[in-house]
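Engineer: The lines below spell out each chain.
Number of protein chains: 2
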Amino acid sequence: MKKILNISILGAGNVATHLARVLSARPEVHIQQMYNRHIKALSTFENSIEIIDDLSKLKSVDIIIISITDDAISNFSKQLSHLSSLVVHTSGSVSIDALQVKRKGVFYPFQTFSKAKKRMDFKEIPILIEANNKQDLNLLENLGKLVSDKVLHLDSKQRKALHIAGVFVANFVNHLYVQANKILKDNSLSFDLLKPLIQEVTQKITVLPPEKAQTGPAARGNQKIIQQHLEFLQDKNQKEIYKLLSESILSSYHTNKKIIADEKK
Amino acid sequence: MKKILNISILGAGNVATHLARVLSARPEVHIQQMYNRHIKALSTFENSIEIIDDLSKLKSVDIIIISITDDAISNFSKQLSHLSSLVVHTSGSVSIDALQVKRKGVFYPFQTFSKAKKRMDFKEIPILIEANNKQDLNLLENLGKLVSDKVLHLDSKQRKALHIAGVFVANFVNHLYVQANKILKDNSLSFDLLKPLIQEVTQKITVLPPEKAQTGPAARGNQKIIQQHLEFLQDKNQKEIYKLLSESILSSYHTNKKIIADEKK
Numbered sequence: 007m008k009k010i011l012n013i014s015i016l017g018a019g020n021v022a023t024h025l026a027r028v029l030s031a032r033p034e035v036h037i038q039q040m041y042n043r044h045i046k047a048l049s050t051f052e053n054s055i056e057i058i059d060d061l062s063k064l065k066s067v068d069i070i071i072i073s074i075t076d077d078a079i080s081n082f083s084k085q086l087s088h089l090s091s092l093v094v095h096t097s098g099s100v101s102i103d104a105l106q107v108k109r110k111g112v113f114y115p116f117q118t119f120s121k122a123k124k125r126m127d128f129k130e131i132p133i134l135i136e137a138n139n140k141q142d143l144n145l146l147e148n149l150g151k152l153v154s155d156k157v158l159h160l161d162s163k164q165r166k167a168l169h170i171a172g173v174f175v176a177n178f179v180n181h182l183y184v185q186a187n188k189i190l191k192d193n194s195l196s197f198d199l200l201k202p203l204i205q206e207v208t209q210k211i212t213v214l215p216p217e218k219a220q221t222g223p224a225a226r227g228n229q230k231i232i233q234q235h236l237e238f239l240q241d242k243n244q245k246e247i248y249k250l251l252s253e254s255i256l257s258s259y260h261t262n263k264k265i266i267a268d269e270k271k
Numbered sequence: 007m008k009k010i011l012n013i014s015i016l017g018a019g020n021v022a023t024h025l026a027r028v029l030s031a032r033p034e035v036h037i038q039q040m041y042n043r044h045i046k047a048l049s050t051f052e053n054s055i056e057i058i059d060d061l062s063k064l065k066s067v068d069i070i071i072i073s074i075t076d077d078a079i080s081n082f083s084k085q086l087s088h089l090s091s092l093v094v095h096t097s098g099s100v101s102i103d104a105l106q107v108k109r110k111g112v113f114y115p116f117q118t119f120s121k122a123k124k125r126m127d128f129k130e131i132p133i134l135i136e137a138n139n140k141q142d143l144n145l146l147e148n149l150g151k152l153v154s155d156k157v158l159h160l161d162s163k164q165r166k167a168l169h170i171a172g173v174f175v176a177n178f179v180n181h182l183y184v185q186a187n188k189i190l191k192d193n194s195l196s197f198d199l200l201k202p203l204i205q206e207v208t209q210k211i212t213v214l215p216p217e218k219a220q221t222g223p224a225a226r227g228n229q230k231i232i233q234q235h236l237e238f239l240q241d242k243n244q245k246e247i248y249k250l251l252s253e254s255i256l257s258s259y260h261t262n263k264k265i266i267a268d269e270k271k
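If you're matching them up, the sequences are chains A and B in order.
Under the numbering used here, the first residue of the first sequence carries the number 7, and numbering increases by one thereafter.
Under the numbering used here, the first residue of the second sequence carries the number 7, and numbering increases by one thereafter.
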């Protein structure tokens, strides 16, 4: 008979909520308790899970998952220093050593979560784990594999690199969508016009490495178009973004090419 | 009985090839001729379409589509100045007036095309048309609607704005994928780890405007994480991109916030 994993989840944010949902659906997991300062934030779970707002009521379990804001993790964990449970956080940016507990680890699901979206397909979400000994690592691997097909052991430096890469492809990419939307709005055009292009760009990198998928004026070294575009853009910020990214592309594909004509103005 | 549209396509690039494929599949269209300096580049069409390498052999048709490199369009079109056919180019960046012909127009399919991908779903691809009179506009609209559900009349300024927005969401976004891939490679991690996140980001903007979909350290105003990330990045170019885009996000969501700590180093 397979052992049931007893876990508790501390926090009521997006990651805590999504983890509670997906883990509570697994017969191999028992969520012992969920904690938040404000019990109300966890009311969706009150019929199935014991909700507490007092850490002194925390029971001993196999794994305690702290899923709170990065800056608070270290201080918060002090209150668990007396427990023998494995205590993990779920952050991409916080070192394992920030946890001030006996047995520490990291359980980082690499995805952007929002409360609006009730169900996520966890199978495809990479879960990056870290622990200080083989036994704890196995425990986290077992937990991870219950929900995801991609459980990987990453050290804190690799996890930070992955988080930063995620900022580039998620946060920065979305900001480029925001800027594009502004450019369109200024010209009475709808963002919907961009959606088939966006889909195609995303689809392309599933079959080609991004270096081979690069297209556009800068990749072709077409300075004339780049200049025309820079002249068209009135927003200083958009100009700077256009210039920096075009130069970065130019320097990848064409030696010694810089956007210089813009300086003349 | 519906009139058959007689068209010819000049060029052998990605757009010319994809247009020839999708248009030749329509019973309402007859592709009279295709032209290229090097006949060999059009050999895939030689069994179904007359291929020429001599413009003097060009017959009169309803619409002639010039799909060649931007810079060459204007001069090339001079060779068609004696024809009474409607002559259109397929470029996002070139003005309609660059065409030196009697009847001019633009037929711009807004998508990134690659030869590797044989079939594209044209139905979803916006086709932006422009002409100098109602009759020619109708002609282009009829042609466009045979392959796409989204045929729109845009003037040259709007078309340029759309093209620039496309550079942001396609070329620049792909370059961020390239940079993220470098960061991962430097830390022995695979680009595959990013794919579920990339899919989710793209999916989000189909249900939310990008302004509402923004997440990440800069959107949260978390200067501490931004500083940590800037310290982690060793590549000067990646640092600059990270800084500029984070500042741009910060200024959208938080008044008077600038990344200043980085200057101290």
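No wet-lab data here; the hints were simulated from the structure.
Check each hint, because a few of them may be wrong.
If several chains are the same, the list does not tell them apart, and a pair holds so long as it fits within one copy or across any two.
Each computed BS3-like pair below joins lysine-lysine, with the alpha-carbon atoms no more than 25 Å apart [to be verified]: (1) LYS46 / LYS191; (2) LYS163 / LYS245; (3) LYS188 / LYS84; (4) LYS108 / LYS245; (5) LYS249 / LYS188; (6) LYS218 / LYS242.
Engineer: A separate judgement is required for each hint: does it hold in the structure or not?
Structural biologist: Hints, one by one, checked against the model:
Taking the shortest alpha-carbon separations for LYS46 and LYS191, neither the intra-copy value of 40 Å nor the inter-copy value of 44 Å comes in at or below 25 Å. Taking CA atoms no more than 25 Å apart as the test, LYS163 paired with LYS245 passes between copies only; the shortest distance there is 17 Å, against 34 Å inside one copy. With identical chains, the CA atoms of LYS188 and LYS84 are never at most 25 Å apart, being 46 Å at best within one copy and 37 Å at best between copies. Taking the shortest alpha-carbon separations for LYS108 and LYS245, neither the intra-copy value of 52 Å nor the inter-copy value of 37 Å comes in at or below 25 Å.
Proximity of LYS249 and LYS188 under a CA criterion of 25 Å is satisfied in both settings, with 17 Å inside one chain copy and 21 Å between copies. Proximity of LYS218 to LYS242 under the C-alpha cut-off of 25 Å is restricted to the inter-copy arrangement: shortest distance 23 Å between copies versus 30 Å within a copy.
Hint check: violations occur at hints 1, 3, 4; the rest are consistent with the structure.
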